[in-house]
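Peer 1: Spelled out from the first residue to the last, the chains are:
2 protein chains.
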Amino acid sequence: MTSTLTPAGEFERAREEYAALKALRLRLDLTRGKPSPEQLDLSDGLLALPGKRRHAADGTDVRNYGGLAGLTELREIFAELLQVPVPQLIAAGNSSLELMHDCLVHALLGVLPGASSRWVDQGTVKFLCPVPGYDRHFALCERFGIEMLPVPMDAGGPDMDAVERLAATDPAVKGIWCVPRYSNPSGVTYAPPTVARLAAMPTAAPDFRIFWDNAYAVHHLTDRPAELADLLAACAASGHPDRALVFGSTSKITAAGSGVAFFGASPANVAWLLGHSAKRSIGPDKVNQLRHALLLRDAEGVRAHMERQRALLRPKFDAVQRCLRDGLGGTGLATWSDPDGGYFVTLEVPDGCAKEVVRRAADAGIALTPAGATHPYGDDPRDAVIRIAPSYPSLPELEQALRGLAVCVRLVGYGHRPPHTRERTGGALPDRAAPARTAGIMKPSLGRA
Amino acid sequence: MTSTLTPAGEFERAREEYAALKALRLRLDLTRGKPSPEQLDLSDGLLALPGKRRHAADGTDVRNYGGLAGLTELREIFAELLQVPVPQLIAAGNSSLELMHDCLVHALLGVLPGASSRWVDQGTVKFLCPVPGYDRHFALCERFGIEMLPVPMDAGGPDMDAVERLAATDPAVKGIWCVPRYSNPSGVTYAPPTVARLAAMPTAAPDFRIFWDNAYAVHHLTDRPAELADLLAACAASGHPDRALVFGSTSKITAAGSGVAFFGASPANVAWLLGHSAKRSIGPDKVNQLRHALLLRDAEGVRAHMERQRALLRPKFDAVQRCLRDGLGGTGLATWSDPDGGYFVTLEVPDGCAKEVVRRAADAGIALTPAGATHPYGDDPRDAVIRIAPSYPSLPELEQALRGLAVCVRLVGYGHRPPHTRERTGGALPDRAAPARTAGIMKPSLGRA
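In order, the protein sequence lines correspond to chains A and B. Residue -5 is where the first sequence starts when you use our numbering, and the numbers rise one by one after that. Residue -5 is where the second sequence starts when you use our numbering, and the numbers rise one by one after that.
Quick caveat, the hints were computed from the structure, so don't treat them as lab data. Take these hints with a grain of salt, some might be off.
Identical copies look the same in the list; a pair holds intra-copy or inter-copy alike.
[Claimed, not checked] Pairs of lysine to any residue residues, derived as SDA-like cross-links and limited to a Cα-Cα distance of at most 20 Å, are as follows:
id, residue 1, residue 2
1, K120, A228
2, K273, G139
3, K349, L18
4, K349, T54
5, K46, E32
6, K120, D153
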């Protein structure tokens, strides 16, 4: 959309469009990365499995207790996909978030390999948090009183100069959250040099851990997925075998909530987690693991399954690009990501506008993830980042929501005078091309606006 | 078995029988309370469920994220059976042990309703442990550095005079482990006055909790199950609504490992657990919960199902009584429980003999739960209690194992000179009828020997 209107004229037009939008009384939801019913249908084979089967390949009766590490045949399928050798990969319950939570718990209340004592006995614990990032990671830190240090993301992952400096100098820095492929929400895939530096960097804490949440390992939207280097191997090669904790799940492969989660790490870390897990559980749901092994068959089966997921998701991500371009292209009010995979599109609006855009959208019946959720403590200091989750709504609903969102961005953006420029510039629009502002997430795949 | 042999003659005969036993090269396992394959077959309907069903009664797509409290229709089935109102009952993952673990974690790292601070910030934390008890409870305490105070069990549950004294005087005493019905391993069901006293007693800790592990709530071996009073209601009526944490699961109803676990408590405790769970998980496996609701239908369906379980288990528990009577009756060497439900028989041998009996049995190919496992820190001060788990082996295997066990008890018992009597009495057998020795678990249902 290009226009010859003055900013004041644009604002007036946006006001009219917003009034019309509210009159539609929409009820649309772009808040969470939930699969759509059509995506879930792809795995409905699970609902009648394992059928007559009662035994795993090794003869284990899957209905009984035991088998803490999970079924070997399922671990064999995901070992390649998650870049973890089978003996170092655990198949667990229905949620990788649980595994991350429990690793924090066991590090707080137990002694990690390489640690001198429990984290609860070490005073302040800090984690590096690449931003924008995943709100549930941040919520875990907040819940356990772990101090969060934001680190900006760029096109190849977190700003490694900042990461290396913080990790090397502060022994309270015990870890970093990473969603290495199709990062939530920016869509960035960590570049090989980033992975190498994460594996090799000196850390002041001997028990530093990389929480490698590979949630979107096989969730491509393109034929040519970017390479993701093998962190576990890189850590071992760098003399830091215990640094990487790899997490994954089938939640967005098969069924969200009734999938299988995975944990991969060094033998010492695996023994550590299994030792603690053995106190907590007599074993995971092996019937569900057999169900998944029967449905997916092998790594190639997972890839074929993900092609069917992509056929459902790609049109939605295309629609996001189209609607944002139509509604915001040429306005100078927004940039957005165009990811090659994952579940999210990140929209950046003028500084100080994100919360207001989300509020306006909510008033018009369009629910968005709260602004700020992409940052520790819910505090986006620029108040500029909005996460869009396009997977769940139908295509027409999604388009309607995105068109409405664009109206809200124009309404707020044209009406907005950034606090720090209000007096100085008389209300000029923030300059979205300024390097200081675009040095973050927008580099990898700028919206074509 | 009665005998006219002298103890020395009995010992010689036992030696010969033990040699013959070892020659059989048995490989039998009585270690854990695992359901047999035939018991698991009773729930094989689960393996093809939910079939075409994708939605819960309220329209929820069970395949997607969410629903942290679990499916209402399943909670409705178990509310009556676990004596917890539906709104206060959570249906969770596949293990109630996990829920107990996590309640300890959240109490250690969060602030319980009624607590002034996190338990990790309060120094020593102690739990009362009725003995004999469940080794996995004790393992959780040990893992978290919670000091365990043993309390003897009697015919109506724990010695309440001791419980009341310890709870009232020591603010570090934060909780008590209870398996209130068919207690593991003694088979005792807590008497109504015991439940009333637990609910009403003053506690020095304002955040005292009863971990009410009602694992065998519906696992009767008799037509006339003893009444178990409603702890949650009693606590509320006594002005201590937050004192009770109720746990249960279908692990020994449907499938061990792929069942559903439950948590019931006061509204404040439920909100507390859900608040912490919301950080850890986006919801339980609702497909499995629907599967269970479809198989079991209602509380009456569960009771009918448990009748089928009983038909398989009762002959095994009868065989235990028969074999112990045949092998040990009249010897003065042992007493044992004859429970009305649950999964275990407790065998008491002469003081100082349990470890040796278990070792001799292992050498003859009969695996038993380690002696001492029924006590905190694996330390049975009398070294007298052996737990027998009859559910898993086939009936002929079970009989063979029990006959072999009786041989081991005779071998060790007749050969044994208790350290404290060795010099004094010249090796007289411990007097099993002495009140100080039998004041514990044997009262409720003495073996008919």
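Peer 1: Quick one: which hint numbers does this structure break? Sort them smallest to largest.
Peer 2: Failing hints, ascending: 1, 3, 4.
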